[in-house]
Amino acid sequence: MQTRVLSREEVREVENLIRENYGCSIDLTRFIVMRTKEDKIRISSKEVARYLNMKKARVLTVGLYLGKLKRNRKIQLSVEGAQMLGECATKNVAVISPEDVHTFLKGGNVEPVKLLNCEPNNFVLVKSQEHVLGTGILRKGERWYVENLLPKARRMLW
Numbered sequence: 019m020q021t022r023v024l025s026r027e028e029v030r031e032v033e034n035l036i037r038e039n040y041g042c043s044i045d046l047t048r049f050i051v052m053r054t055k056e057d058k059i060r061i062s063s064k065e066v067a068r069y070l071n072m073k074k075a076r077v078l079t080v081g082l083y084l085g086k087l088k089r090n091r092k093i094q095l096s097v098e099g100a101q102m103l104g105e106c107a108t109k110n111v112a113v114i115s116p117e118d119v120h121t122f123l124k125g126g127n128v129e130p131v132k133l134l135n136c137e138p139n140n141f142v143l144v145k146s147q148e149h150v151l152g153t154g155i156l157r158k159g160e161r162w163y164v165e166n167l168l169p170k171a172r173r174m175l176w
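Adding 18 to a residue's 1-based position in the sequence shown gives its number in the numbering used here.
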């Protein structure tokens, strides 16, 4: 897997994508931001990178998986990425009821109770009360619902 460190301009572009999609300003210049050939964005502290350079270690992946860049100027956040941005996000946030949390964490689609500046067919942060649960896609059927994007490995079994 080829991973490359992004330049300052590329980091600013990722920050702009996050601002456009989630209405959240985040400063990624504090981190080393990397992009894989699959367009996955990972962030790491600068101290970790210095340590790895000193040891000349062979590492496949390093840092936190923030999300994946999509072709239509969107970013699909990971669960950890959603939790990082959840408090400051003002756009594309779907709030679900506490009763639907279990359904969402098991991998099911849920109906939002409240939508904050959401665009249809776009990635949304899924929240319940003050907890950020992950991401989904806002869809319109008979009613609005959030299509679950929680990876199978992260779902609850009971």
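It should be emphasised that the hints constitute simulated quantities derived from the structure, not laboratory data.
Just so we're clear, the structure is a prediction, and the values are computed from it rather than from any experiment.
Ideal Cβ positions, reconstructed from N, Cα and C, are used throughout, including at glycine.
A few of these clues could be false.
To be verified - BS3-like, lysine-lysine: derived pairs with alpha carbons at most 27 Å apart:
hint: 1; residue 1: Lys58; residue 2: Lys88
hint: 2; residue 1: Lys170; residue 2: Lys124
hint: 3; residue 1: Lys132; residue 2: Lys55
hint: 4; residue 1: Lys92; residue 2: Lys58
hint: 5; residue 1: Lys109; residue 2: Lys86
hint: 6; residue 1: Lys88; residue 2: Lys109
hint: 7; residue 1: Lys124; residue 2: Lys64
hint: 8; residue 1: Lys124; residue 2: Lys55
To be verified - Restraint-style ranges between C-beta atoms, simulated for each label pair:
hint: 9; residue 1: Gly41; residue 2: Ser63; range: 41 to 51 Å
hint: 10; residue 1: Asn127; residue 2: Arg68; range: 39 to 49 Å
hint: 11; residue 1: Pro138; residue 2: Glu98; range: 36 to 46 Å
hint: 12; residue 1: Lys158; residue 2: Cys106; range: 34 to 44 Å
hint: 13; residue 1: Thr108; residue 2: Glu31; range: 31 to 41 Å
Evaluation of the provided hints:
no.: 1; hint: Lys58 <-> Lys88; result: 9 Å, holds
no.: 2; hint: Lys170 <-> Lys124; result: 9 Å, holds
no.: 3; hint: Lys132 <-> Lys55; result: 36 Å, violated
no.: 4; hint: Lys92 <-> Lys58; result: 12 Å, holds
no.: 5; hint: Lys109 <-> Lys86; result: 18 Å, holds
no.: 6; hint: Lys88 <-> Lys109; result: 18 Å, holds
no.: 7; hint: Lys124 <-> Lys64; result: 36 Å, violated
no.: 8; hint: Lys124 <-> Lys55; result: 30 Å, violated
no.: 9; hint: Gly41 <-> Ser63: 41 to 51 Å; result: 26 Å, violated
no.: 10; hint: Asn127 <-> Arg68: 39 to 49 Å; result: 44 Å, holds
no.: 11; hint: Pro138 <-> Glu98: 36 to 46 Å; result: 26 Å, violated
no.: 12; hint: Lys158 <-> Cys106: 34 to 44 Å; result: 27 Å, violated
no.: 13; hint: Thr108 <-> Glu31: 31 to 41 Å; result: 20 Å, violated
Hints 3, 7, 8, 9, 11, 12, 13 from the list above are not met by this structure, while the remaining hints are.
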